[in-house]
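*Asks:* If you want the building blocks of each chain, they are given just below.
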Amino acid sequence: MKRFLGFVKKEFIHIFRDVRTLVILFGIPAAQILIFGYAVRTDIKNAGIAILDSSKDEISTALVSKLESSDFFILKENLQSWYQIDSSFKAGDIKAVLVFEDNFGEKLIGEGLAGIEIIADGSEPNVANLVTSYTRAIINDYMLEVNKPSPPAGIMIEPEVKMYYNPNLESRYMFVPGVITIILVLICALMTSVAIAREKEFGTMEVLLASPLKPLHIILGKVTPYFILSFIDLIVILFLSWLVFDIPVRGSLVLLLLESMLYIMLGLSLGIMISTLSKTMQQAMFISLLGLMLPTIILSGFIFPVEYMPWIYRVLSSIIPPRWFIIIVKDVMIKGTDFAFVWKETLILLFMTLVFITISSMTFKRRLE
Amino acid sequence: MSNEKVIEVRNLVKKFGSFIANDRLSFDVYRGEIFGFLGANGAGKTTALRILSGLSKPSSGDVSVAGYDIYRHAEKVKKHIGYMCQKFSLYEDLTVTENIMLYGGIYGLSKKLIETKTTGLLESLNFSAYRKRIIGELPLGMRQKLAFSVAILHDPDIVFLDEPTGGVDPITRRQFWEMIYKASSDGITVFVTTHYMDEAEYCDRVSIMSEGRIVAIDSPAGLKEKYSSASVQDVFVKIARPNNN
Amino acid sequence: MIKSENISKRFGSITALEDINLNIGQAELYGLIGPDGAGKTTFFRLITTLLIPDTGKITVMGFDTVKDYVSLRSRIGYMPGRLSLYRDLTVEENLKFYATVFGTRIEENYHLIKDIYSHLEPFKKRPADKLSGGMKQKLALCCALIHAPDLIVLDEPTTGVDAVSRAEFWEILKTLQSEGITFLVSTPYMDEAVLCDKVALLQKGHILNIDKPAGIIKGFGKKIYAARSQDKFRLIQDLRSHPSVESVNPFGDSVHISFVGNSYDSTLVGKLEKAGHRNPSVEQIKPGIEDVFLELMSPEENEQ
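Residue numbers (our numbering), protein chains in the order written: chain X, 1 to 369; chain L, 370 to 614; chain P, 615 to 918.
Just so you know, these hints were derived from the structure itself, not from any lab. The reader is advised that the hints may include incorrect statements.
Said to hold, decoys possible - Partial pick of chain P residues on the chain L-facing surface, computed with a CB cut under 10 Å:
1) I850
2) S868
3) S872
Quick reminder that beta carbons are idealized off the backbone N, C-alpha and C, glycines included.
So that you can see chain X by itself, here it is in the shape it has in the complex:
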């Protein structure tokens, strides 16, 4: 028994003396609680909506102001025609468009029935669901109010719900772009950093540095296989999504591939940067996983929408490259946008890549110290 206890005591000492185990034991659970407590929202706030009100009568305007005055929605745009719906979705700010048919009020009072369409952005199924149910609730509320005075006015507002981009609200529309984002950053950053750290750990880096090989060659040599392989991986994923899951690339395939190449380079330069900070493979893996994987999954908007997180999370999220790339992928793949709508995100990714490359070239050592 004593032996056993002695051994247990030793294990405790190991744990408390190693920063890494402490981070895993305490840091991660704390982070999880904070994140899931705050970041994950199953409600919405200030969701942008647009209205296409061909009728502009008393009832439609009343409904609109009711929606607007609620905390859940912000009226962003008043559209004039059907053709504008597509571009307003593409611009990205709008989660749903409410369409009132012509002579809405008249029809309602006259026939007791009129049509509203709720067209939600189906590329984010979670949000779309929330938006539609909240809208419905508000409409129902209005109906109750209006129907109160007796005799019941007997009006019925039946909203027709359409999911734009994703008619059947399939969750895979959400997952595939997310998976692409994660896999690419995983292969590029994680694997590159481990590959370079491996040379350090095994001592072969010493001989390489002492040889005529320029450090630049060493880095490029490490990075090239992963560049090629990630690209192949990307093609395979896209092909499988199309074949098995029926997810098309609605926008320009070329644009998607070019953006992906930028993202791959970003991942690679991030990997190089991580490797300059790590002495061993284990360290490289630790930093990559903790610093990349987890934040990517939770804070990139992959599963949980970023807009509804507290501001501190939104700030953190903005420095994570996957967050921007996922927007690009969703836009190009699911919404079919062209470059005009994603130039902002592209610029951000470009900037990040340059920063990582600069830092890496400054910290990559030509010598052993």
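On the provided structure of chain X, position chains L and P as indicated by the hints.
*Replies:* Frame of chain X, contents of chains L and P only:
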């Protein structure tokens, strides 16, 4: 050196697949002697050592250590032996005292006994000032000496040392061997492997392995006479062929 | 070939090297002898341009190791211990890689490695990881030689390898030396020191002595005696307690001693006999490098 056998090996065979690492080894080790186990890299020394210390089982053959059959009473064997290997001896992120307490506890010594022994051990090594230092911060020589003391803390019948002085400076090496001499004179049998041929000379008897077999076993003086050599190193060069694999 | 002037190197609060001055001539087999932590590896890294000295200057083949490191890196073959091989690459693949990195092909300088490679050839398709220690050394040496450098720096190439392989290795070095290659080798094994043309004894970052092996021994003032007896342990203890004996160092089957004031005490043998030693003997011997080293090592190492 007494006549009592603490290790008896008869026809020990260890195979890995079709590769025969130990090919019918037979030898005895007597109580209190310093037994040197030499051989080229790949000759099968480490394999045999692991079997004798209960870390692996033979493919066939009879092996008895400290009077216990290692097939049936491996656990009893472990209680009566000490073990020190080059790659790892003490936990690097624990202090000197913590390591001693840990191993003392593992071998079932009472707390009081551990404390007494710790004080004695540290004093004899002149390490008392380093009680609370983390092992990782101490120089290699100190660590090895400490590791040896910990290996014999529970007064085992036999202590197995696997290349204990690798990389250590010449003075510390000698101090280490004086510790071995003292242990031997206290009745502990020492079974040691080494690459330093001059250390082979410190042993009472030496066995030389080559390609899985024992090709010579005798006292250093006996070996030198038999092979007309001035040193055990010369004998070694003559009869041990490195395993060029 | 190599000139090191006033070299010092510190890592934080630890002084790895202090005031190192030495010269290595062309085609010399130069040994850097010293135990763990002496500073050998640090010095080699300074020579191979992997570190920058805090003070002083090193010139190799006329090039400054700090300013002209690019030119130097293609002229030096470096073998840092046994960690310079790619474990999952085969013998052949490792060799080809190093040849390519240095802009050459295996065939070009094959004559240099031919003899060594003959041992390795039957295993050329085996991953480097699965080779024995001695074989790894040979492969690493081949990889360092393959681009026919003028200088080869080997950091403890024989550590942890058995005596036979060690002897073989040094024979190979000597043969290659006749090709005009300069070798700078470090080793903790004192018996290998005598095989060098010149040695520098290093301890805790300081040079204790530099000379030809024979010169070091000649310059050693003390007379060394080998004491023998059946009971080694008691012999050591009795010698230590003897007032006329100065240094006592076990050396295999004898104990090397020196006397206070360097004068032999003829009563010693008799006293040992009286103390119960069977057949004690004390005879003068020629000191070896290790005797010199033990004497020169700083007293704080000697805890007794």
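*Asks:* Do the numbers back the hint for S868/P, that is, is its least Cβ distance to chain L under 10 Å?
*Replies:* holds, 8 Å
*Asks:* Holds or violated: is there a CB of chain L closer than 10 Å to the CB of S872/P?
*Replies:* violated, 15 Å
*Asks:* Using 10 Å as the Cβ threshold, decide whether I850/P counts as touching chain L.
*Replies:* Holds, because the Cβ-Cβ distance from I850/P to chain L comes to roughly 7 Å (cut-off 10 Å).
Going down the numbered hints, you'll see the structure goes against just number 3.
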